[in-house]
Structure formats: structure tokens, C-alpha cells
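Undergrad: Since the structure of chain E is already known, use the hints to place chain D on it.
There are 2 protein chains.
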Amino acid sequence: MAGKARPARERMVYSAAQLVRARGVAMTGVRDVVAHADAPRGSFQHYFPGGKDQLVGEALIWSGDFAARWVASYDQTTGEPSPSGLFAHMARLWKEDLTARRYERGCPMMATAAELGGGDSPVKEHLRTAAETWERAVVDELVRMGVAPQRAPGLATLMVSALEGAIMLARVRRDVGPLDTVVTELSPLLDSCAP
Amino acid sequence: MAGKARPARERMVYSAAQLVRARGVAMTGVRDVVAHADAPRGSFQHYFPGGKDQLVGEALIWSGDFAARWVASYDQTTGEPSPSGLFAHMARLWKEDLTARRYERGCPMMATAAELGGGDSPVKEHLRTAAETWERAVVDELVRMGVAPQRAPGLATLMVSALEGAIMLARVRRDVGPLDTVVTELSPLLDSCAP
Numbered sequence: 000m001a002g003k004a005r006p007a008r009e010r011m012v013y014s015a016a017q018l019v020r021a022r023g024v025a026m027t028g029v030r031d032v033v034a035h036a037d038a039p040r041g042s043f044q045h046y047f048p049g050g051k052d053q054l055v056g057e058a059l060i061w062s063g064d065f066a067a068r069w070v071a072s073y074d075q076t077t078g079e080p081s082p083s084g085l086f087a088h089m090a091r092l093w094k095e096d097l098t099a100r101r102y103e104r105g106c107p108m109m110a111t112a113a114e115l116g117g118g119d120s121p122v123k124e125h126l127r128t129a130a131e132t133w134e135r136a137v138v139d140e141l142v143r144m145g146v147a148p149q150r151a152p153g154l155a156t157l158m159v160s161a162l163e164g165a166i167m168l169a170r171v172r173r174d175v176g177p178l179d180t181v182v183t184e185l186s187p188l189l190d191s192c193a194p
Numbered sequence: 000m001a002g003k004a005r006p007a008r009e010r011m012v013y014s015a016a017q018l019v020r021a022r023g024v025a026m027t028g029v030r031d032v033v034a035h036a037d038a039p040r041g042s043f044q045h046y047f048p049g050g051k052d053q054l055v056g057e058a059l060i061w062s063g064d065f066a067a068r069w070v071a072s073y074d075q076t077t078g079e080p081s082p083s084g085l086f087a088h089m090a091r092l093w094k095e096d097l098t099a100r101r102y103e104r105g106c107p108m109m110a111t112a113a114e115l116g117g118g119d120s121p122v123k124e125h126l127r128t129a130a131e132t133w134e135r136a137v138v139d140e141l142v143r144m145g146v147a148p149q150r151a152p153g154l155a156t157l158m159v160s161a162l163e164g165a166i167m168l169a170r171v172r173r174d175v176g177p178l179d180t181v182v183t184e185l186s187p188l189l190d191s192c193a194p
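Heads up: the protein sequence lines correspond to chains E and D, in order.
Be aware that the first sequence starts at 0, since it is given in numbering that gives the first Met the number 0, and climbs by one per residue.
Be aware that the second sequence starts at 0, since it is given in numbering that gives the first Met the number 0, and climbs by one per residue.
Isolated chain E (complex conformation) (with noise of 0.2 Å):
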């Protein structure tokens, strides 16, 4: 999505989630997302007229479409899916991510949640829209595999959080080991729970 070839609107939205999983919210100016998305000046007041809190919403909201996305792909990727053969997908989108960036850039959920999390900005409903999306697309996907649906929840809820944890200590270290370290630490739990 570098180039032009999606609408400005979309490639705003795009931008301003690189952009806050680069340096958070606050640091994230409208005006550096209409130069990264190389849109027309002028136009953000007209795509988004709610302000920087819409454009921050629908950025969140992308992500979690995006999240939730790249989880239902697994299935494409083996035909012997696994909740541990899940979770490396999981993890392997950061790996990649923070390696190919050089720990540029984390999760925009986190940021937002780091920032606006403890206030009252109208954001905060996208972005626990964003968090249940990718939670909601893990446990479809266990489910899919055998997990009970009772017992899928909670696991998700595990996933989802040593991920987030573990991209964390992966861009404080520079490292992405965390990463292959919760992927090799839970698997063995999460393969017991599929039949």
C-alpha cells in the first residue's frame, strides 16, 4: 500500500496505524499521516471530519481487521492446522515485522492502549472493537480445529497476551527470541487442548 493505487481515504487510515505503532498516538500528527500516504493536503478535514480521534478509530479498527485476517489464513498455509501451528503463525507476521523493520514499529493496539487506555477518548471503543475482533478471528480458529468452545476463549486470551507481551520485550531487547520463546513455551499447552 506504498504507492497510490487505493484511495487516498484508505491509504490515510493505512498510514496513521504505521505510524502509531511506530511512535504511539500523541507523537502521531495529521499531518505527518497526509504526507506518509502522500494525500492530497486539504483532504483530511473532508475524509474525516470527526478529527484525529476518527482517523485514529478507523486505524485501530483496520487493525484489528488486519489482525483477524491474517489469522484466518492459517488455515491456507497447512493442512494439519494446530493451536501451536496458530499461535507460530501468529508470531511469524512479527517476526517478519520487526526483523524486515529493524523494531521500527509495534502493535498500534498497544500504543493506543498505553496512552489513551486510563482516559476517557472516544477511541477507546475502537479499540476494544479492534481487540475483540482478533480475539473473536483466534477463537473461530480453534474451534475450527477441535478445541472446545468453551475452552477456546480463555486460550486466546492467553495467546493474544503472550504475543503482545512478548513483541513488547522483543523491540525493548531488539530481538525477536521472546517471540520463539512463548511460541515454544506454550505449544505443548495449547496442542493438549485440540483433540
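Worth flagging that the hints you see were computed from the coordinates, not collected in a lab.
Just so we're clear, the structure is a prediction, and the values are computed from it rather than from any experiment.
One or more hints might be untrue.
Since the list gives no way to pick out one identical chain from another, each pair is judged satisfied if it fits inside one copy or across any two copies.
Unchecked claim - List time: in silico SDA-like cross-link candidates among lysine to any residue, alpha-carbon distance up to 25 Å:
#1 K94 - R135
#2 K94 - S81
#3 K51 - R172
#4 K51 - G118
TA: Leaving out everything else, chain D in the frame of chain E:
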């Protein structure tokens, strides 16, 4: 530490940690810290000639030491220490803090990693030290319980990762459920690693 019992310099470091974990680094102004700490106006430059970077760096070191002390305090809470008991002890502090403060404050390491992890801020070195201090304290406790020294670092990374992610999800949902979930889900795995 709300009062003036501690020296102004210490109060400013504490206040910086509290504000960073409530609203992030960018939105934590030096003036806010001085006011929160009830410190003399103009004292900031005297105590922190390195400016905001020095203050935030020291706040992170304070946070890492605080987290490590909390981990080490587990021994005094039980006559029968176990890895799952330690993890529950770590989560309990957060459950109490999030509930008492109505999810106002998260983890200062997470906020700093999210905002500054991708750039070249000098604060990153302190962030790394703080996280290492915390993880090392967990490793030390696990080894003291009889977990194999070569096994403990991986478990510590898993515990810290799952806890950090669960703190994030708890703030997103305004519900400490994710903290209970990761403790419940990981307990059997953790205890299987101790004699």
C-alpha cells in the same frame, strides 16, 4: 509516596513513572511531573540536568526495581512457593492496582516501548535495563524453587509477556478477567517445571 516524606528528587521520579504509565511519555510534561510530585518550581533542572530523558530513564529504572522487589517479596507470602503461586502474586498486584485506580494506569515499560521502542531515544537503554532487572528477579525466584536454571529464563519471558499482554487487555476491556485467565491457563504448565 503521595506526601512529602521523601525527598523532592525521589518524588519526581515516582511521579514520572505514574504519569508515563497513565498517559504515555509524550503526554507527560515536565511541569506535570513537578506538580504531581509537589516539588519546588525550578528544582527540575537542578535535579535532572539531562532533562526529560534523564527523568524518564530514572523512572524506568525505578519501575524495574519496584517490579523486581515485588517478585522477590513472594517468598514472604507463602510457606509453599510454586511457580504458579509466583505468577499469581505478580498478577495480583496488577489486579489490585487496575481495580483501585479504575484502569487509569498501565505499565510504564509498555508505554515507553510502544512510543520510543522504534526510535533512537537514549531512554531505550534504561528501558532495556528495567525489563532485564524484572525478568532476572523472576528467574532467581524460579531457580530458588527448584526450576532448572536452563529452564527458568524461558518461563520468565513467558510469564512477563503474558502478564504485560493481559494488563493491556484488562485496560482495553476495563475488566481484570484477562489477568485471571493467564494465571489459570499457565498454572499447570508453570508448576510442571518445578520439582
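Undergrad: Between the shortest in-copy and the shortest cross-copy C-alpha distance, which are at most 25 Å for K94 and R135: within, between, both, or neither?
TA: Close inside one copy (22 Å) and across copies (24 Å); limit 25 Å.
Undergrad: Which holds for K51 with R172 at a C-alpha limit of 25 Å: within a copy, between copies, both or neither?
TA: So K51 and R172 pass the 25 Å test across copies only (22 Å; inside, 31 Å).
Undergrad: Have a look at K94 and S81 and pick one of within, between, both or neither, based on CA distance no larger than 25 Å.
TA: within (20 Å within a copy, 32 Å between copies)
Undergrad: 25 Å Cα cut-off: does K51 pair with G118 within a copy, between copies, both or neither?
TA: both (16 Å within a copy, 23 Å between copies)
Every hint, counting from the list given before, is met by this structure.
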